[in-house]
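Colleague: Start from the sequences and build out the full structure, keeping to the hints where you can.
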Amino acid sequence: DTAVSQTPKYLVTQMGNDKSIKCEQNLGHDTMYWYKQDSKKFLKIMFSYNNKELIINETVPNRFSPKSPDKAHLNLHINSLELGDSAVYFCASSQDGQDQETQYFGPGTRLLVL
Amino acid sequence: TQLLEQSPQFLSIQEGENLTVYCNSSSVFSSLQWYRQEPGEGPVLLVTVVTGGEVKKLKRLTFQFGDARKDSSLHITAAQPGDTGLYLCAGADNYGQNFVFGPGTRLSVLP
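Taken in sequence, the protein lines are chains L and C. Under the working numbering, read the first sequence as residues 1 to 114, first letter to last. Under the working numbering, read the second sequence as residues 1 to 111, first letter to last.
Calculated pairs, EDC-like style, for lysine to aspartate or glutamate (alpha carbon to alpha carbon, straight line, at most 20 Å):
1) Lys-9/L / Glu-41/C
2) Lys-44/L / Glu-5/C
3) Lys-41/L / Glu-41/C
4) Lys-40/L / Glu-38/C
5) Lys-22/L / Glu-41/C
6) Lys-71/L / Glu-24/L
7) Lys-9/L / Glu-38/C
8) Lys-19/L / Glu-82/L
9) Lys-41/L / Glu-38/C
To give an idea of the interface, some chain C residues facing chain L are shown, with a C-beta separation under 10 Å as derived from the structure:
10) Gln-37
11) Leu-45
12) Ala-90
13) Val-100
14) Gly-102
In case anyone wonders, no lab produced these hints; they're calculated from the structure. For each residue, glycine too, the CB sits at the ideal point set by N, CA and C.
Modeller: Okay, structure coming up:
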């Protein structure tokens, strides 16, 4: 069974569109994350979400909004997509969100904005 | 903002050689993790180091956390083609609120 899954794996869309990426974890973890990996492979945390507490990286545009219907899901909604949003987006989860914990990553969603 | 630097950025070696990858920062981290990421996949955790000066071994991989908890190294002995991948270090600040990744070292081990 896949621990952290993301859909879709690939997403190609036009500039200005609104899109969502879904993430689910079946590990029973309390904390979930969204990361963006750019073309230079630099991973940057966008959000962490723990027990309904959302910690936002202040550099993330407000066009990005995480939505968590329940503890096992953290979806990423992006409004008015821009060319610079093209990247690979990774979802991850950890047990309690403590710094020493293992974060389990999903396979990534490759977003290409045309 | 805490930053992590990694060196070298790219490394191509022959099977059987040894190598060391470095992760450096001017900031202190409460813990530091090393991940390996293969093409098309998400990062997979290799190790977490917590104590300054700590050394952990994972088969042919040796990880060291600097005494001041500002740097770390990953040493691979007798590299194999299966070691090929992007090696990322990631650190958490003393409050555990910020988790940052280094830019990665792309390792290629040729048979």
